[in-house]
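Enquirer: Sequence:
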Amino acid sequence: MRISRTAGWASALAATSLLLIPATASAVQERTAAAPHAGQVRDTTTATPAAAAAPSAADPYADYWAPAAGKTGAALKSALHGIIKNQSKVSYDGVWNALKVTDQDPANSNNVILLYSGRSQSKSTNGGGANDWNREHVWAKSHGDFGTATGPGTDLHHLRPEDVTVNSTRGNKDFDKGGSPVSEAPGSFTDGDSFEPRDAVKGDVARMLLYMAVRYEGGDGFADLEMNDKVNNGSAPAMGRISLLKQWHQQDPPDAFEQRRNQVIHDTYQHNRNPFIDHPEWVGAIW
Numbered sequence: 002m003r004i005s006r007t008a009g010w011a012s013a014l015a016a017t018s019l020l021l022i023p024a025t026a027s028a029v030q031e032r033t034a035a036a037p038h039a040g041q042v043r044d045t046t047t048a049t050p051a052a053a054a055a056p057s058a059a060d061p062y063a064d065y066w067a068p069a070a071g072k073t074g075a076a077l078k079s080a081l082h083g084i085i086k087n088q089s090k091v092s093y094d095g096v097w098n099a100l101k102v103t104d105q106d107p108a109n110s111n112n113v114i115l116l117y118s119g120r121s122q123s124k125s126t127n128g129g130g131a132n133d134w135n136r137e138h139v140w141a142k143s144h145g146d147f148g149t150a151t152g153p154g155t156d157l158h159h160l161r162p163e164d165v166t167v168n169s170t171r172g173n174k175d176f177d178k179g180g181s182p183v184s185e186a187p188g189s190f191t192d193g194d195s196f197e198p199r200d201a202v203k204g205d206v207a208r209m210l211l212y213m214a215v216r217y218e219g220g221d222g223f224a225d226l227e228m229n230d231k232v233n234n235g236s237a238p239a240m241g242r243i244s245l246l247k248q249w250h251q252q253d254p255p256d257a258f259e260q261r262r263n264q265v266i267h268d269t270y271q272h273n274r275n276p277f278i279d280h281p282e283w284v285g286a287i288w
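Numbering (this note's numbering), first residue to last: 2 to 288.
Worth flagging that the hints you see were computed from the coordinates, not collected in a lab. Hints should not be assumed to be uniformly reliable.
Stated by the list, open to error - Subject to a maximum C-alpha distance of 30 Å in a straight line, what follows is the list of computed DSS-like cross-link-like pairs (lysine-lysine):
hint: 1; residue 1: 124; residue 2: 231
hint: 2; residue 1: 86; residue 2: 231
hint: 3; residue 1: 86; residue 2: 142
Since this is a predicted model, take the numbers as computed values, not measurements.
Working from the sequences, and respecting the hints, build out all of it.
Expert: Written out as structure tokens, the structure is:
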């Protein structure tokens, strides 16, 4: 069953910091990122300009990020890796239930929001059928050949629910602009070598990929995942295009849905965080 997403609850967003929201299914907040479709509300916040990495005194996770304080460039990337590599791991089967919590529809606790489609769909319709949702690896698992192995293949920071058909259409393509409209994913486009997600999640996609490039640096028995500025990366442990992804990060800053998701993963599942959701300015400080 598919249920259209509603946005009437958006005006009830609390003004307090989302990072203080308990990691429970009932604590879901509204996604307010930019969107080209009716019923979605544009997030008018702007990303912080690139600067030396120093956690704010108001940051409730200042202690968590303390080893990154004052660093930029390769030193910052290394420090962040040292922090976020310390995590609990989820099995690939366990991902199913985790996504039902991390991606719960704020307006309907029985549903999840599909990443590229933007559709609210029953949690119980996960599977392999044409109208089911399954587990999308935003960093395509063939890019580094890690498959569904516990580690990068099960890392919740880049796994999202998506319509089976749309997931297949995206395949292992890099991210870029243009192409033909994607059926069942309004606002998304694809061509022979790339995929463009809808505006409301462009920044989310960028930050998930950048997290992966920092988290997986050749340890743990897995490939060193890196960003580059091309498409057609194939099985290379690389994803592109970084120049465009940086633009998407600026255009679509972290919103309530994404921040809450980061919190749930930290508190309930992996106990690590995506640094670029907590500190958007670190993207420019590294890349």
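Enquirer: Now tell me if each hint is right for this structure.
Expert: Status of the hints after comparison with the structure:
1. 124 <-> 231: Violated: residue 124 and residue 231 sit about 35 Å apart, past 30 Å.
2. 86 <-> 231: At roughly 27 Å apart (the allowed maximum being 30 Å), residue 231 and residue 86 satisfy the hint.
3. 86 <-> 142: Satisfied, since the Cα-Cα distance of roughly 19 Å is no more than 30 Å.
Of the numbered hints listed earlier, the single one contradicted by the structure is hint 1.
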